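Work out the full structure: start from the sequences and follow the hints.
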Amino acid sequence: MPKQRTPAVAGWFTLDAARPALLGTRCTACGTVFFPREETFCRSPLCQGTEFEEVELSRRGRLWSYTSNSYQPPAPFVPPTEPYQPFAIAAVELERERMVVLGQVVAGVGVDGLEVGMEMELVLDTLNEDAENEYIVYKWKPVGAAASGGKS
Amino acid sequence: MTAREVAILGVGMHPWGKWGRNFVEYGVAAAQAALADAGVAWKDVQFVAGGETIRNGYPGYVAGASIAQALGWNGAQVTSSYGACASGSQAIATARAQILAGICDVALVVGADTTPKGFFAPAGSGDRTRDPDWLRFRLLGATNPVYFGLYARRRMDLYGDTERDFAQVKVKNSRCGAANPNARYRQIYTVDEVLASAMVSDPLRLLQICATSDGGAALVLSSLAYARKLTTKPVTIAAVSTVTPRFPQTVIEMPNFATDSAATLPVPDVSFKDSIAKVAYEQAGLGPEDVNVAEVYDLSSALELDWYENIGLCKPGEAVKLLRDGVTSLGGKQPVNPSGGLGAFGEAIPAQAIAQVCELTWQLRGQAAGRQVEGARVGVTANQGLFGHGSAVVVKG
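Going down the list, the sequences are from chains A and F. With this note's numbering applied, the first sequence covers 1 to 152. With this note's numbering applied, the second sequence covers 1001 to 1397.
It is worth saying that the hints were derived from the structure and are not from the lab. Quantities reported herein were computed from a predicted structural model and do not represent experimental measurements. Some hints could be false.
[Claimed, not checked] Here are a few chain F residues that sit away from chain A, every Cβ distance over 10 Å (derived from the structure):
(1) N1022
(2) W1073
(3) L1195
(4) Q1283
[As the list claims (entries may be wrong)] Rough simulated footprint, nothing fancy, chain A against chain F, three-plus residues with beta-carbon under 8 Å:
(5) 1023 to 1033
(6) 1126 to 1135
(7) 1154 to 1160
(8) 1196 to 1207
(9) 1254 to 1260
(10) 1345 to 1356
All C-beta atoms in this analysis are idealised placements derived from N, C-alpha and C, irrespective of residue type, glycine included.
Next comes the structure, spelled out in structure tokens:
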């Protein structure tokens, strides 16, 4: 029986497999965008806004920096494979939002394949699985790189 | 001297290590050493400021009162501060404010911790899907060294820094740590040894990332009037900065997933990390050119280079030149981390910012045997931790 595709965290990204996007919020008073979603108080010091609308963030951005998780991170991280496979982490600057967002880099792209300034795009991939669920998370992938090793 | 200074009457530490005992033991040892150094009796201490113990100590995240109880309840006023890596500086700031306000004459500042092995990870259990510190591990596996790796890799791609440069920071600091009886790691390393250690978060290897340690540090602070009864020329604290960032904060920081958006308000003229020391300099009426010695938070070897720029020793991108020219080595114009830094100590979070001030006090008194910065008159500390905390302290001899 196929496993349930379950977002690893609710409301942070769409589950549109072809064109996934991060979901942030925008203050209706001053227009400032927040990710992860801010829904209570606008964090701009000049704004008293308390109402927010959901927005899809840019699907592409420029690589601000990158590194690796060469050691297995501690819990609550759940290693998707046994033995643990190191992976890269990217910080990507979204041009329109002028915001840097951290994410895992898709399997198969290590730090040797990354460089500050390169264009990255958002994809969905498997974070880990249990008996019933395939937990989905957003990841970054260099534009034009081969598709990820995650399940389709 | 200006009226806004307080005296550092005494300093003391419990050696850093992996001792596995209750944090109170380290705090008491450090406090007793500081009191003895000051020539102040515990019964005369009017105010106790503790840096809050993070984990593996007493449950309940306590500090000031636990150590006061172990020293023997004396009826002093007590407080505890949490500011992540800046916890110790917040305790210093609180004690300093009490003294400058005339509420007390003499205060004990103390921080101590016992740490688990391995990566720091979120305390507590259960799913906390609205807690960024929990989520960063769950969704990204983003340990603290991941953030250090991002900063280091950006230096390489933007400024041309090399892995050998980063290793050289560790080598430099290991020479100082070898001479420091309170340091946990006393071995002197070579660049090749550093580069042969296991990769943790590329480009940073195990020997370039600070460990988690047990340790304790304490200060006895007083008004200048009180100090005059005990000593002729005490080392003083001339400034304490514990500023927050300004919105929009555009550098990704632990434990966040994203920076603020800079699309609606202009980016501040001074970055958060630059502002930490800048505010301290302004309080002290001094500038980076006046600094003879600095203790900065080298959570990674590469991060020490960021600090050279953040505390104004050089412009952005020029830190490696200072390193290569020996400016920041012992014997150079502005030595950095003569204690050996976090690379030689490992991090005992609530004690670390206090330990930085202990080292500068020994340096300014000329008591840092084997690692002395000759003729040092002005020192500055800098640190930064989770949740937008950071601090700098200016110490004058």
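Structure-based check of each hint:
1. A cut-off of 10 Å between C-beta atoms confirms that N1022 (chain F) is not in contact with chain A; the least separation is 23 Å.
2. Annotated as non-interface, W1073 (chain F) keeps its C-beta farther than 10 Å from every C-beta of chain A; the closest such distance is 38 Å.
3. At roughly 14 Å, the least C-beta separation between L1195 (chain F) and chain A is larger than 10 Å, which holds for a residue marked as non-interface.
4. Consistency note on Q1283 (chain F): stated as away from chain A, and its beta-carbon is indeed over 10 Å from all of that chain's, at 22 Å minimum.
5. For the segment 1023 to 1033 of chain F, the stated coverage by chain A is violated: 0 residues have a C-beta nearer than 8 Å to a C-beta of that chain, whereas at least 3 were required.
6. Against chain A, the segment 1126 to 1135 of chain F contributes 5 residues with a C-beta closer than 8 Å to a partner C-beta. That satisfies the three-residue criterion, and the hint holds.
7. Only residues whose C-beta sits within less than 8 Å of a C-beta in chain A count toward coverage, and the segment 1154 to 1160 of chain F has 3 of them, enough to reach three; the restraint holds.
8. Restraint check on the segment 1196 to 1207 of chain F versus chain A: 7 residues with Cβ-Cβ distances below 8 Å, three needed, restraint holds.
9. Given as covered by chain A, the segment 1254 to 1260 of chain F passes the check, having 5 residues with a CB less than 8 Å from a CB of that chain where 3 are the minimum.
10. Figure legend: the segment 1345 to 1356 of chain F, annotated as covered by chain A; annotation inconsistent (0 residues with Cβ-Cβ distances under 8 Å, at least 3 required).
Comparing the model with each earlier hint shows violations of hints 5 and 10; every other hint is respected.
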